[in-house]
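J.: Letter by letter, the chains look like this.
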Amino acid sequence: MLSSMADQVKELILQFAPFQSSVDEGFWHRLSSLKLNKLGIDDSPIPITGFYAPCSHRQVSNHLTLLAESLPPESSEQSLTPAISRGNRNRCPVPGILYNTNTLEGFQALDKQSLLKAEAKKIWEDILSGEAEKDSSLLLRFLVVSFADLKNWSFHYWFAFPALILDPPATVVDLKPAAQWFSAQEVESVTTACNEWRSMCSSTDVPFFLVSISSNSAVTVRHLAEFEACQRDGNKVLFGFYDPCHLPNNPGWPLRNFLWFIFRRWSLQKVQFFCYRENRGFAYLELSLVGEASISNSQESRDHQNMPNAVGWELNNRGKKAPRCISLAKTMDPTRLAIAAA
Amino acid sequence: MVLTQKIHEAFKGTVERITSPRTVSAFKEKGVLSINEFIVAGDNLVSKCPTWSWESGEPSKRKSYLPQDKQFLITRNVPCLRRAASIEEEYEAAGGEVLLDNEDNDGWLATHGKPKENKHDEDEELPSMETLEISKKNTIQSISSYFGGEEEEEIPDMAEFDEADNLVENDPATLQTTYLVAHEPDDDNILRTRTYDVSITMLLQPELVLEDVSQDHARKTVTIEDHPHLPGKHASVHPCRHGAVMKKIIDVLMSRGVEPEVDKYLFLFLKFMASVIPTIEYDYTMDFDLGSSSS
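Chains as they are written, first to last, in my numbering: chain D, 1 to 342; chain X, 1 to 295.
Any given hint could be a false lead.
The calculated lysine-lysine pairs, modelled on DSBU-like cross-linking and capped at a C-alpha distance of 35 Å, are [as the list claims (entries may be wrong)]:
(1) Lys35/D - Lys63/X
(2) Lys330/D - Lys248/X
(3) Lys121/D - Lys236/D
(4) Lys38/D - Lys330/D
(5) Lys38/D - Lys63/X
(6) Lys134/D - Lys70/X
(7) Lys247/X - Lys38/D
(8) Lys121/D - Lys35/D
(9) Lys248/X - Lys70/X
(10) Lys151/D - Lys61/X
(11) Lys248/X - Lys48/X
(12) Lys134/D - Lys176/D
(13) Lys35/D - Lys70/X
(14) Lys63/X - Lys151/D
(15) Lys48/X - Lys176/D
(16) Lys48/X - Lys134/D
(17) Lys270/D - Lys35/D
(18) Lys61/X - Lys330/D
(19) Lys48/X - Lys63/X
(20) Lys35/D - Lys330/D
(21) Lys35/D - Lys61/X
(22) Lys28/X - Lys247/X
(23) Lys248/X - Lys28/X
(24) Lys28/X - Lys70/X
(25) Lys330/D - Lys271/X
(26) Lys121/D - Lys321/D
(27) Lys61/X - Lys38/D
(28) Lys270/D - Lys117/D
(29) Lys63/X - Lys271/X
(30) Lys330/D - Lys28/X
(31) Lys236/D - Lys48/X
(32) Lys48/X - Lys28/X
To give an idea of the chain D side of the interface with chain X (calculated C-beta under 7 Å), a few residues [claimed, not checked]:
(33) Gln15
(34) Ser56
(35) His57
(36) Val60
(37) Asn62
(38) Asn90
(39) Gly281
(40) Val311
Simulated from the structure, these hints should not be mistaken for laboratory data.
Where a beta carbon is used, it is the ideal one built from N, C-alpha and C, also for glycine.
Model the full assembly from the supplied sequences, consistent with the hints where possible.
T.: Below you can see the structure in the form of structure tokens.
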């Protein structure tokens with residue numbers, strides 16, 4: 001009896017599918033080259049840029065990806081050329097930080113809890129200061145710790161996607177495919193409005209937004225800063241985000257910090273959210289989700305001036321909270337390459 | 001990876017067509033594009049199939065004859081739902097393929113011999129999915145996690161040291177991934193799904209990528225080479241046959257009274273690629289007309 005009640009309560013908790021990382025080989029190539037040619041033993045944290053996009057296939061989630069361009073260019077003259085590798089619709093930039101150590105011991109000795117907390121604190125401060133409203137990608141900050149073993153061309157690394165914890169957790173009031181939640185007329189106009197948003201240079205890589213629906217079912221997608229204007233117009237407002245997750249019953253990780261932001265910024269206890277997903281590069285409301293989350297308005301959380309706790313270390317491929325490792329000897333080791341070429 | 005890989009194919013084909021920069025269109029006669037035609041066709045692909053983007057690649061590898069921001073086309077994170085061998089069995093069972101021969105006896109599959117999963121019935125698109133959902137609640141999530149899974153196979157497990165880190169995150173709002181494995185599970189349904197993204201490339205011996213390439217092409221037109229714009233090894237379609245094959249496709253279209261248009265070239269090209277790599281779901285172009293009907 002007790003356990004079934006516990007199960008019931010557990011089912012009500014809104015559960016978020018963790019972000020998944022993916023590192024392009026090119027990232028390690030450039031990091032190695034940076035280490036060898038520029039950084040040397042300097043192990044200061046390096047600002048990096050991750051890229052992600054809404055889920056674009058019903059069978060797989062999208063990843064947060066690191067590419068060669070995620071790292072600063074090696075030579076300073078390259079930074080003078082126009083930034084042509086910035087975001088596009090398939091590569092929304094997300095700010096991150098890389099702690100690359102010089103030794104395996106150094107890697108193991110990193111205080112990972114503190115590093116996660118430090119990154120979460122930036123997110124929290126950007127929420128409080130309003131920076132996150134101007135640049136919503138700040139809500140997605142991530143960090144990577146790594147050790148690049150350039151003798152053996154192997155790379156140990158570990159991602160964290162800091163998520164501020166709501167305590168008590170948000171609960172699910174309602175969650176269903178967007179195509180069922182909207183009226184037929186709204187489905188059409190939401191689809192059109194989202195495709196427009198995604199096709200405009202100025203908004204295509206903005207991962208958090210508002211879906212504003214007027215009483216006559218006219219739909220516009222707006223920037224977060226326009227929330228009050230939408231409300232003044234008496235429109236129904238959904239909080240939308242590019243959802244990398246493909247699962248039918250869970251929103252993806254980016255909604256976590258977004259909920260905190262919404263709660264802090266507008267003191268909403270009921271939040272209608274829109275997990276925006278695509279098919280073949282276009283808005284796909286069958287796969288997208290609309291839900292309503294209930295955020296408990298305890299005195300404690302309302303007066304929260306202190307930073308909430310954060311979680312977010314990625315599991316490795318064995319499902320453990322432990323680093324991943326990849327060997328690139330095959331494509332990077334000069335000896336091996338020479339043999340292969342012979 | 002496959003993405004990169006595929007792009008690479010598209011790219012190499014393009015390069016081949018471009019190496020002798022053409023100003024006069026030889027599209028219909030030889031099945032090749034001029035640089036401007038390539039840009040037009042690429043722009044069209046990106047606008048009609050927005051999972052594709054132009055990219056600039058490594059600055060040191062840029063080709064001066066292409067615009068800086070349009071060096072090559074890429075689409076990422078494309079699922080590969082099964083191995084090519086199983087598709088071929090299906091083709092044979094369905095008798096649906098059209099094998100076109102050229103003089104060299106390099107048979108290739110015509111574009112309309114699509115794998116069954118590409119037909120319109122959404123439910124059939126993913127034969128393994130249903131089983132996955134039934135077999136374990138959160139398995140679907142593991143598919144993508146699993147892709148990266150092979151990377152650690154030969155690497156010593158470093159998990160020993162993290163015990164002291166005390167990184168236990170008992171968070172009820174985190175969806176638990178219950179099915180994370182470092183090797184391909186015995187469950188055939190899961191075995192079939194790969195997604196080609198970067199992290200798998202390294203792990204997979206590049207040669208294993210050939211498992212996802214039609215066996216007719218695996219050792220002939222498809223080889224493992226350096227990517228012209230990106231670091232690392234990628235499967236590549238040998239460029240020298242593209243023109244001939246594309247010419248054949250164009251001829252077939254024209255014989256049906258369809259006038260091929262240059263800006264649709266890459267759509268045709270993807271059809272060709274879809275026959276080489278039938279398992280990867282990147283060809284989103286089938287809904288588009290490939291040319292204007294002359295009638």
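J.: Give a verdict on every hint.
T.: Evaluated hints:
1. Lys35/D - Lys63/X: holds, 27 Å
2. Lys330/D - Lys248/X: Cα-Cα ~38 Å, so violated.
3. Lys121/D - Lys236/D: holds, 32 Å
4. Lys38/D - Lys330/D: Given pair Lys38/D, Lys330/D holds - Cα atoms ~24 Å apart, limit 35 Å.
5. Lys38/D - Lys63/X: Given that 35 Å is the threshold and the Cα spacing comes to 26 Å, the pair holds.
6. Lys134/D - Lys70/X: holds, 30 Å
7. Lys247/X - Lys38/D: Answer violated: Lys247/X to Lys38/D is near 49 Å, above 35 Å.
8. Lys121/D - Lys35/D: Distance of about 28 Å is within 35 Å: holds.
9. Lys248/X - Lys70/X: Given that 35 Å is the threshold and the Cα spacing comes to 27 Å, the pair holds.
10. Lys151/D - Lys61/X: holds, 26 Å
11. Lys248/X - Lys48/X: holds, 24 Å
12. Lys134/D - Lys176/D: holds, 29 Å
13. Lys35/D - Lys70/X: holds, 29 Å
14. Lys63/X - Lys151/D: Since the Cα atoms of Lys63/X and Lys151/D sit roughly 32 Å apart, the hinted pair holds (cutoff 35 Å).
15. Lys48/X - Lys176/D: Given that 35 Å is the threshold and the Cα spacing comes to 29 Å, the pair holds.
16. Lys48/X - Lys134/D: holds, 31 Å
17. Lys270/D - Lys35/D: violated, 49 Å
18. Lys61/X - Lys330/D: The given pair, whose Cα atoms are some 21 Å apart, holds under the 35 Å limit.
19. Lys48/X - Lys63/X: holds, 25 Å
20. Lys35/D - Lys330/D: Since the Cα atoms of Lys35/D and Lys330/D sit roughly 19 Å apart, the hinted pair holds (cutoff 35 Å).
21. Lys35/D - Lys61/X: holds, 21 Å
22. Lys28/X - Lys247/X: Judged against 35 Å, a Cα distance of about 7 Å means the pair holds.
23. Lys248/X - Lys28/X: holds, 10 Å
24. Lys28/X - Lys70/X: Cα-Cα ~24 Å, so holds.
25. Lys330/D - Lys271/X: Distance ~32 Å between Lys330/D and Lys271/X Cα, so the pair holds.
26. Lys121/D - Lys321/D: holds, 22 Å
27. Lys61/X - Lys38/D: Holds, because 20 Å separates the two Cα atoms, which is no more than 35 Å.
28. Lys270/D - Lys117/D: holds, 27 Å
29. Lys63/X - Lys271/X: holds, 26 Å
30. Lys330/D - Lys28/X: Roughly 42 Å between the alpha carbons, so the hint for Lys330/D and Lys28/X is violated.
31. Lys236/D - Lys48/X: Holds, because 32 Å separates the two Cα atoms, which is no more than 35 Å.
32. Lys48/X - Lys28/X: Measuring from Cα to Cα gives roughly 22 Å; hence the hint holds.
33. Gln15: holds, 4 Å
34. Ser56: holds, 6 Å
35. His57: Since chain X brings a Cβ to about 6 Å from His57/D, closer than 7 Å, the hint holds.
36. Val60: holds, 5 Å
37. Asn62: holds, 6 Å
38. Asn90: holds, 5 Å
39. Gly281: holds, 3 Å
40. Val311: holds, 4 Å
Checked against the numbered hints above, the structure breaks hints 2, 7, 17, 30 and satisfies the rest.
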